[in-house]
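Enquirer: Sequence:
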Amino acid sequence: MAVVDLNSDLGESFGAYSIGDDAAMLSIVSSANVACGFHGGDPLVMHETLRLARDKGVGVGAHPGFNDLWGFGRRPIVGDRPEDVEKQLIYQIGAIEAMARSLDMKIGHYKVHGALNNMACVDADLAMATARAVKMVNRDLIYLVMPGSEMEKAGEALGLNVAREIFADRAYTDEGMLVSRKDPRAMIEDADEAARRMVDFVLSGEIESASGKRIAAKIDSICVHGDSPHAVAMAGKVRDALVSAGVDIRPMMDTLGSD
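FYI, this note's numbering numbers position 244 of the sequence shown as 244, with every residue one higher than the one before it.
Some clues are possibly wrong.
Label-pair restraints from in silico Cβ distances [stated by the list, open to error]: (1) P76 / A245: 30 to 40 Å; (2) E83 / A23: 36 to 46 Å; (3) D183 / E48: 31 to 41 Å; (4) R54 / R81: 29 to 39 Å.
Derived lysine-lysine pairs resembling DSS-like cross-links, with alpha carbons at most 27 Å apart [what the hints assert, rightly or not]: (5) K153 / K213; (6) K153 / K218; (7) K135 / K218; (8) K153 / K135; (9) K87 / K135; (10) K135 / K106; (11) K182 / K213; (12) K106 / K87; (13) K106 / K218; (14) K87 / K153; (15) K106 / K56.
Simulated from the structure, these hints should not be mistaken for laboratory data.
For each residue, glycine too, the CB sits at the ideal point set by N, CA and C.
Modelling step: build the complete structure from the supplied sequences, incorporating the hints.
Expert: Printed below as a string of structure tokens:
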């Protein structure tokens, strides 16, 4: 039986601003990537998201990004040295791990957010900075990356526990990377189409690009972005379709985590 994790980026509200329906998503996904305060989230939101995940039996991971609340971490920041980005990531991982300990929980994985993730997928120096950060803080964390990316190469080079994810609500280039959000084809908004694609991708072990090219890929986890207006409906459709196809949905901590 095929096994896959279903994850979502959650805990991205902060202060008076509410983003997404975390409670509903936590009833569907098997893992939550919890924002660490730089692109979204704050101490109260981090604590509450972790508590909800614990009560729902959902695995939790660190979801750090650029220091960019204004742009939700989705604006490329050019000029920061990779070693400075590394320190920012170390800071954020430490924050979420401390919050988890206060709830007698364990952070199991690590996924970089937004523009930083996109940039590190194709920039070897940035990719190595993201990998070094997790190795410095907790090398046992699962390092969640896009298959075929520079981040995958960096994680493997440093001997990290690497897992590969695909995105239910995003289109792919012929190189296996995400289509830019500036492109009108970037987002997959039809939940039925997203569900069909994910079943196909998982069972075939291939990603289909926007142009129809098939790309072989190892797939451990599927992401549905939690801030989308259609996030809950899409995550539910994707989960139901996978289960109907005989795919087992389990947290990546259960299948890929260290003992």
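Enquirer: If a hint holds in the structure, say so; if it doesn't, say that too.
Expert: Cross-check of the supplied hints:
| no. | hint | verdict |
| --- | --- | --- |
| 1 | P76 / A245: 30 to 40 Å | 37 Å, holds |
| 2 | E83 / A23: 36 to 46 Å | 38 Å, holds |
| 3 | D183 / E48: 31 to 41 Å | 35 Å, holds |
| 4 | R54 / R81: 29 to 39 Å | 37 Å, holds |
| 5 | K153 / K213 | 22 Å, holds |
| 6 | K153 / K218 | 14 Å, holds |
| 7 | K135 / K218 | 22 Å, holds |
| 8 | K153 / K135 | 14 Å, holds |
| 9 | K87 / K135 | 12 Å, holds |
| 10 | K135 / K106 | 16 Å, holds |
| 11 | K182 / K213 | 21 Å, holds |
| 12 | K106 / K87 | 22 Å, holds |
| 13 | K106 / K218 | 26 Å, holds |
| 14 | K87 / K153 | 20 Å, holds |
| 15 | K106 / K56 | 14 Å, holds |
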